[in-house]
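These protein sequences, in sequence, are chains A and V. Under the UniProt record's numbering, the first residue of the first sequence is numbered 1, with each subsequent residue one higher. Under the UniProt record's numbering, the first residue of the second sequence is numbered 1, with each subsequent residue one higher.
Hints were generated in silico from the structure; no laboratory data involved. Ideal placement from N, C-alpha and C gives every residue a C-beta, glycine not left out. Heads up, some of the hints might be wrong.
Anything over 12 Å on all C-beta distances counts as not near chain A; from chain V, calculated [to be verified]:
no., residue
1, K2
2, A9
3, G80
4, A161
5, P221
6, L305
7, G452
Just the calculated beta-carbon pair ranges, DEER-fashion [stated by the list, open to error]:
no., chain 1, residue 1, chain 2, residue 2, range
8, V, A59, A, T297, 48 to 56 Å
9, V, G150, A, R206, 40 to 48 Å
10, V, E103, A, P122, 40 to 48 Å
11, A, I8, V, E453, 49 to 57 Å
12, A, A307, V, S116, 35 to 43 Å
13, A, D186, V, R19, 54 to 62 Å
From the derived model, a few chain A residues whose C-beta atoms are all more than 12 Å from chain V [said to hold, decoys possible]:
no., residue
14, G242
15, G265
16, A307
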Amino acid sequence: MAAPLVEITDAGLYCPVGDFHIDPWKPVGRAVITHAHADHARPGCGSYLAAAPGRRLLDVRLGSPNLTPLAYGETVVRNGVSVSLHPAGHVLGSAQVRLEHRGEIWVVSGDYKLEADPTCTPFEPVRCHTFITESTFGLPVYRWDAPADLFAEVNSWWRANRDAGLASVIFAYSLGKAQRVLAGVDATIGPIFTHGAVERITQAYRESGIELPPTTAVGESVRGGKKAWAGALVIAPPSADGSPWAKKFEPASGAMASGWMRVRGARRRRALDRGFVLSDHADWPGLLTAIRETCATRVLATHGFAAVLARWLRDHGTDADVIATRFGDEDETQAPEEPPT
Amino acid sequence: MKAFAQLYAELDQTTRTGRKVEAMARYFAAVPPADAAWAVYFLSGRKPRQAVPAKRLKAWAWEQAGIPEWLFGECYHAVGDVAETLALLLPDGGTASDRTLAEWVHDRLLPLRELSEAEQKASVLAAWAELDRPQRFVWNKLITGAFRVGVSQLLVTRAIAKVSGLDGDVVAHRLMGHWEPTPAFYAGVTAADAADAALSRPYPFFLAHPLEGDPAALGPPAEWQAEWKWDGIRSQVVRRGGQSFIWSRGEELVTDRYPELKAMADRLPDGTVLDGEILPWKDGAVQPFADLQKRIGRKTVGKKLLADVPVVVMAYDLVEGGGVDLRDRPLSERREMLEVLAADHPALVLSPRIAFDTWESLARQRAASRERRVEGMMLKRRASPYRVGRVRGDWWKWKVEPYAVDAVLIYAQQGHGKRSGLFTDYTFGVWDGDQLVPFAKAYSGLTDVEIGEVDAFVRRNTREKFGPVRTVKPELVFELGFEGIQASSRHKSGVAVRFPRMLRWRTDKKPEDADTLEQVKALLAQGVG
Ligand SMILES: [Zn+2]
Ligand SMILES: [Zn+2]
Numbered sequence: 001m002a003a004p005l006v007e008i009t010d011a012g013l014y015c016p017v018g019d020f021h022i023d024p025w026k027p028v029g030r031a032v033i034t035h036a037h038a039d040h041a042r043p044g045c046g047s048y049l050a051a052a053p054g055r056r057l058l059d060v061r062l063g064s065p066n067l068t069p070l071a072y073g074e075t076v077v078r079n080g081v082s083v084s085l086h087p088a089g090h091v092l093g094s095a096q097v098r099l100e101h102r103g104e105i106w107v108v109s110g111d112y113k114l115e116a117d118p119t120c121t122p123f124e125p126v127r128c129h130t131f132i133t134e135s136t137f138g139l140p141v142y143r144w145d146a147p148a149d150l151f152a153e154v155n156s157w158w159r160a161n162r163d164a165g166l167a168s169v170i171f172a173y174s175l176g177k178a179q180r181v182l183a184g185v186d187a188t189i190g191p192i193f194t195h196g197a198v199e200r201i202t203q204a205y206r207e208s209g210i211e212l213p214p215t216t217a218v219g220e221s222v223r224g225g226k227k228a229w230a231g232a233l234v235i236a237p238p239s240a241d242g243s244p245w246a247k248k249f250e251p252a253s254g255a256m257a258s259g260w261m262r263v264r265g266a267r268r269r270r271a272l273d274r275g276f277v278l279s280d281h282a283d284w285p286g287l288l289t290a291i292r293e294t295c296a297t298r299v300l301a302t303h304g305f306a307a308v309l310a311r312w313l314r315d316h317g318t319d320a321d322v323i324a325t326r327f328g329d330e331d332e333t334q335a336p337e338e339p340p341t
Numbered sequence: 001m002k003a004f005a006q007l008y009a010e011l012d013q014t015t016r017t018g019r020k021v022e023a024m025a026r027y028f029a030a031v032p033p034a035d036a037a038w039a040v041y042f043l044s045g046r047k048p049r050q051a052v053p054a055k056r057l058k059a060w061a062w063e064q065a066g067i068p069e070w071l072f073g074e075c076y077h078a079v080g081d082v083a084e085t086l087a088l089l090l091p092d093g094g095t096a097s098d099r100t101l102a103e104w105v106h107d108r109l110l111p112l113r114e115l116s117e118a119e120q121k122a123s124v125l126a127a128w129a130e131l132d133r134p135q136r137f138v139w140n141k142l143i144t145g146a147f148r149v150g151v152s153q154l155l156v157t158r159a160i161a162k163v164s165g166l167d168g169d170v171v172a173h174r175l176m177g178h179w180e181p182t183p184a185f186y187a188g189v190t191a192a193d194a195a196d197a198a199l200s201r202p203y204p205f206f207l208a209h210p211l212e213g214d215p216a217a218l219g220p221p222a223e224w225q226a227e228w229k230w231d232g233i234r235s236q237v238v239r240r241g242g243q244s245f246i247w248s249r250g251e252e253l254v255t256d257r258y259p260e261l262k263a264m265a266d267r268l269p270d271g272t273v274l275d276g277e278i279l280p281w282k283d284g285a286v287q288p289f290a291d292l293q294k295r296i297g298r299k300t301v302g303k304k305l306l307a308d309v310p311v312v313v314m315a316y317d318l319v320e321g322g323g324v325d326l327r328d329r330p331l332s333e334r335r336e337m338l339e340v341l342a343a344d345h346p347a348l349v350l351s352p353r354i355a356f357d358t359w360e361s362l363a364r365q366r367a368a369s370r371e372r373r374v375e376g377m378m379l380k381r382r383a384s385p386y387r388v389g390r391v392r393g394d395w396w397k398w399k400v401e402p403y404a405v406d407a408v409l410i411y412a413q414q415g416h417g418k419r420s421g422l423f424t425d426y427t428f429g430v431w432d433g434d435q436l437v438p439f440a441k442a443y444s445g446l447t448d449v450e451i452g453e454v455d456a457f458v459r460r461n462t463r464e465k466f467g468p469v470r471t472v473k474p475e476l477v478f479e480l481g482f483e484g485i486q487a488s489s490r491h492k493s494g495v496a497v498r499f500p501r502m503l504r505w506r507t508d509k510k511p512e513d514a515d516t517l518e519q520v521k522a523l524l525a526q527g528v529g
């Protein structure tokens, strides 16, 4: 068998023939980046290659790095390895990395989801021999409802709170999830306020050409009086839950938007009023569909319930294994992640 | 069923008691009495016996979901709840059922137990097909006998009081004891006429609050009565209409389990209700709680056990006398009547009052609690009525400090339910030479933030895995508190502790600073079981 096209090194996923890393967790010379989440895009590399729609986000996140933007589907050649990026449907500019060398094709999925999301280009399956897939929600208990049903729930929660004179505070990761919430809710219900971290990224989304309803940032010092927040929707990162900043919206109903909210234990642990099952990762059927559509003969699972997914695939006749990476789950909270090995 | 599943979701979604009461009140107001009766039954923690063994349900669910057993195990591990795991795994397809809760219970739940396995399977699969995901979850909870949602009988009482316009005490009284969840029962609970207390019914227990600070803050000692805090089973002895009833605080009728208590009660005058503590008692002295555990849960008791572990009720209050509800009278008056009653009934053991003039003298006496095999003291305001539930201000429990030992975290396991997915269940070791021997398990006592930090530590420092148990690098030191300690041949350490919990994370200590087994065993000598 030929040397693998991608292997794991101290610094992360590495393509030895092309001499570049994919989403390295240490500074390296040349990095290909799947998306702007902090566990995938780290500062300090000599050069970056990433999908063009995520350019602005990476500028904000990494402070104007030495970045070559690549259109989805466009190919560059590095030491004889053809590299192209394909939509992953995870967040704005998220990409799967396709590598081809002497007829051998590998795809590194990065994070992905199959559900429709107006804030990014939808996932496209890419045929390959070896597929390195994420598996954040690689258990059959994780199945998502249709986004339309989910947002109907969010809207009715917001509306009921508004009618009861409460603010609706929703905790959602500031890159991707927050904008998906913004794009999904019915903005005619009331005004929308954002935490500074959310506003910064939302601004970058708008500058990237994504249309989102108007928002007002609430700084540390802004005081609106009790009346100002009643009926409003407030979008904040999960880290703001329980902070003095979040307290000023009282009386309020608090909610969390995350795939982990599928399980009651995770919902109850946050001690919030609601948990909306909204994820930027593929659910179990989504993972299986995506894997099937690659027609890959070999699958390497990482980033989540990798061992479970790999075992299921092996039991169903696909050569599958676990590849240990340090991708945490930057965009979903409280993950029961596999211990690093 | 739709309304009940909706109620369950509402109760589950909010952490605020006010909203829970409102949600229940809305439900009671909207559903027929037959449904309300069953809802009260389930919500107040009463459960039908398990209708179908969980093992069968799991096997049927694997089959339906098309997954193997190992994968179900992985899912269960992440979810931490069988009923919920089943509901999440079953294929979609059910639509919300319009049939009422009472119909589901009568037509489907209650007959299940009597069916053959094949008939059970057909019935359960049909139910799953009819119900949507939230309903299935509640249904699974009901048929596995594991129905539990974060409300207490007190909250249910408040909700019924709210919809019926009755006094909370009246509702609480009507909900005590034995009853069948029928429409007639629910009508009785909400009926305007309150003179209906069934013969057997105990009164809702008045519960004490822990006293955290200095008792001097309670005011002049003369206004207070002090007693030992006995470590047994809180109970009420009811004598009415020529019959005796022994109730435990879980509102269970336990008369048959304690024949010697029934014999004592049979000699009490009609219209008497005592409040007290069931204690193992021999030669005029209380015995270790572990002895009492041999009697708990035994529906019938043999001669040998009766002789080995005789029990008494240590009476401390008279709630009803001469057929009159005495709860509004001051404690001092009730106590006097109790003492008069005890004088005529030698089998009735009276909880002694502790004499004291100053809080300092009381504190000195309290220091001897352990030698007396009590947990500390009870402080009761002499003017206090016998209230309902846990009301602050009149009754305080002033416990002795628990034993404390510094121990090292050696094993960790993921929690279930609310804490699923986090490493929250720990085993701690103390030094025996250069070895750490496991000596206690503890789950509670840390803040959420600390739990998160320990969880992260466990993930980074796992040395080995045995099934769900991780062996972790011995590095973190915790101060563990426990209520009692006994020699035990079943434990590797040779000791067993009661109610262990984490008092503090000793980030200032290194593992080598932790206590030794020798030091722990020295506590045995101070001796409380
Ligand atoms: Zn991501
Ligand atoms: Zn990620």
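Checked hints:
1. No beta-carbon of chain A is positioned within 12 Å of the beta-carbon of V/K2; the least distance is around 16 Å.
2. Consistency note on V/A9: stated as away from chain A, yet its beta-carbon is not over 12 Å from all of that chain's, at 10 Å minimum.
3. At roughly 5 Å from the closest C-beta of chain A, the C-beta of V/G80 falls inside 12 Å, breaking its exclusion from the interface.
4. For V/A161, the requirement that its beta carbon stay farther than 12 Å from each beta carbon of chain A is met, with the minimum near 23 Å.
5. Every Cβ of chain A is farther than 12 Å from the Cβ of V/P221; the closest lies at roughly 41 Å, confirming the non-interface assignment.
6. Listed as a non-interface residue, V/L305 keeps its Cβ farther than 12 Å from every Cβ of chain A; the least gap is roughly 40 Å.
7. The beta carbon of V/G452 is not kept farther than 12 Å from every beta carbon of chain A, the shortest such distance being approximately 8 Å.
8. The hint said 48 to 56 Å for the Cβ distance between V/A59 and A/T297, and at roughly 33 Å that hint is violated.
9. Our hint of 40 to 48 Å for V/G150 and A/R206 holds, since their Cβ atoms are close to 42 Å apart.
10. For V/E103 and A/P122, the hinted distance range of 40 to 48 Å is satisfied, since their beta carbons lie about 45 Å from each other.
11. Checked against the hint of 49 to 57 Å, the pair A/I8 and V/E453 fails, with Cβ atoms roughly 28 Å apart.
12. Here the CB-CB span from A/A307 to V/S116 is close to 39 Å, well matched to the stated 35 to 43 Å.
13. A hinted range of 54 to 62 Å for the beta carbons of A/D186 and V/R19 is inconsistent with their spacing of about 24 Å.
14. The Cβ of A/G242 does not lie farther than 12 Å from every Cβ of chain V; its closest approach is about 9 Å, which violates its non-interface assignment.
15. For A/G265, the requirement that its beta carbon stay farther than 12 Å from each beta carbon of chain V is not met, with the minimum near 3 Å.
16. With a closest Cβ-Cβ approach of about 9 Å to chain V, A/A307 is found to fall inside the 12 Å limit, against its non-interface label.
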